[in-house]
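Trainee: Residue strings, one per chain:
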Amino acid sequence: MISKDEILHVATLANLKFQDDEVDSFVSQLDKIVGMESNLSSVDTTGVEPTYNMADTNSVFREDIGIHTQTREQMLENVPEVEDNLIKVPTIVDKEDAE
Amino acid sequence: MDIKKETIASLHEKLVNKDITAEALTNQALDNIKDDAEKLNTFITVNDKATEDAKKVDAEGFNDLLAGIPIGIKDNIVTNGIKTTAASKILYNFMPVYSATVMEKLAAAGAINVGKTNLDEFAMGSSTETSYYGTSVNPWDFSRVPGGSSGGSAAAVAAGEVVAALGTDTGGSIRQPAAFNGIFGIKPTYGRVSRWGVIAFASSLDQVGVMSKRVEDSATVLSVIAGHDDKDSTSSNKDVPDYRADLNKDMHGVKIAVPKEFWHEGTHPDVLDNVNKALEAYKKMGATVEEVSLPTLKHAVEVYYVLASSEASSNLQRYDGVRYGYRAKDVKNIKDLFVNSRSEGFGDEVKRRIMLGTFSLSAGAYDAYFKKAAEVRTIFINEMNDVLKDYDLIMGPSTTTPAFKIGEKVDDPLAMYMNDILTIPANLAGLPAASVPAGLADGMPVGLQIIGKPFAEQDVLNAAYALQEENKFYEQIPTALKGED
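For the protein sequence lines, the chains are A and B, in the order given. For the first sequence, the positions run 1 to 99 when full-length UniProt numbering is used. For the second sequence, the positions run 1 to 485 when full-length UniProt numbering is used.
Do not take every clue at face value.
[Claimed, not checked] Below are the SDA-like pairs computed for lysine to any residue, each with C-alpha atoms no more than 25 Å apart in a straight line:
#, chain 1, residue 1, chain 2, residue 2
1, B, 405, A, 29
2, B, 89, A, 19
3, A, 4, B, 367
4, B, 83, A, 73
5, B, 249, B, 289
6, B, 89, A, 16
7, B, 238, A, 52
8, B, 332, A, 78
9, B, 83, B, 314
10, B, 4, B, 61
No wet-lab data here; the hints were simulated from the structure.
Model the full structure from these sequences, guided by the hints.
Mentor: So this is what it looks like as structure tokens:
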């Protein structure tokens, strides 16, 4: 069983938050899904290498040559708040933290 | 001329003979999309520059088969200057400043992008019901889903709005909607098509593919979009055949394997009936059909949901409200900005997958879930490849049922996930796979799934072409659209 506390911990890791009335249904849904996924423990994988990617080439090298892609202006086109050609965000260090 | 009855080749001929201009053809496609918009909701964004693009092609001529042909693009493929949302609120205003490699290739061939088709949010779903922009509808029955996640592309093709559309397939997102809409759809081998500029869901599984009524039209588009790309190191250097020119419906001596586990107890008897008839047809054409076993198939859904969710939770970290997309208002600090933008910007299904993935990758769960699933994936890949040592193709149903009702499964994530059991295997093993119409079950289309050896797209296309030439399913008009024209 996955507990509500575990779900809230995972939400913190994922930078997500849930309303109180949403949490319970998420807990029961995730519990069912994780329960299904737990069936994997019945498979004997002794000595089996995991497959993490499907690429048929291992590493790709290229010459270290600079190419022009987007301009600064283009890269800032989608930024929600821009000031002086820079990305504007709220306070990063809280005053209390800094003291 | 009615675009709904045409193929890429027949349209090309008319363009070359000046029976029609690319501009007129594009306008007809745009009109059809607008006419259908209220009932089918196939497109999120229509490309209002499409007519301009078509005029340019008219001026330049029709050297390529695709020149001047209107094509729909799934809205998780980025398009320079055309809004790209992945059907999410978090990208509601995202205007890409570059195009995906597949878009560059289509543009170089002169294809016209008429707009961006609907999908499940970030391609996570099997019905388009998780789209922030509303569900698309099945043209065979307006009360049913078109499938997903490439449901907008599939319904647009089935309704004849476009002759072909791009989709993406991570666990069946091309093949399942193709089956539900009575059209053809192919997911190529992992690495066959560049993923540069495709909004990432699960990077070891995602692949771009094509959907169309006719096999030969998908073959034409696939040859254009396939091939190595310096910007995607997982894309293959293997030569790209001219799939259309090499189409061959001769099935003599082709060895077909049918995994008994695909005859899943939950599969609708009418689906199995249609698939059995298709297999009989292949036998008559000279193929051999033999039963095999994939014992680990019963764990495929488990492996898939651990790995796909884990990769998704990592890929979707980038949506934080800082550089693009939705940004939450009234936040006090940067942490709140991340948390609120994500919590307000993502829908429930995406949050569920991020949570599942974050859980699977978290300390204490990593070995039992993520690593374990990756190991079972290896076992399953070996089972699939062992079968393909002795056989040319693996066949079975594409889906366990025909298209289900809108709202039927949306509140039961587990039932929705089990839906993918027959399509997930090809993604886990990176194999090329297609769905081709096999017939009707109670008035709704059923798809036959064809899985091939790595990079043997031609074998898959040939087998699909052979069945298409036998049943000519493309002549059928979706039931709910009959009598409307």
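Trainee: So, for every hint listed, does it hold in this structure?
Mentor: A quick look at each hint next to the structure:
1. B/405 with A/29: Given pair residue 405 of chain B, residue 29 of chain A holds - Cα atoms ~21 Å apart, limit 25 Å.
2. B/89 with A/19: This hinted pair holds, its Cα atoms lying about 18 Å apart.
3. A/4 with B/367: Roughly 22 Å separates the two Cα atoms, so the pair holds.
4. B/83 with A/73: Holds, because 18 Å separates the two Cα atoms, which is no more than 25 Å.
5. B/249 with B/289: Since the Cα atoms of residue 249 of chain B and residue 289 of chain B sit roughly 16 Å apart, the hinted pair holds (cutoff 25 Å).
6. B/89 with A/16: 15 Å, holds
7. B/238 with A/52: At roughly 22 Å apart (the allowed maximum being 25 Å), residue 52 of chain A and residue 238 of chain B satisfy the hint.
8. B/332 with A/78: Given that 25 Å is the threshold and the Cα spacing comes to 22 Å, the pair holds.
9. B/83 with B/314: It holds: about 24 Å lies between the C-alpha atoms, which stays within 25 Å.
10. B/4 with B/61: 23 Å, holds
In summary, the structure agrees with every hint in the numbered list given earlier.
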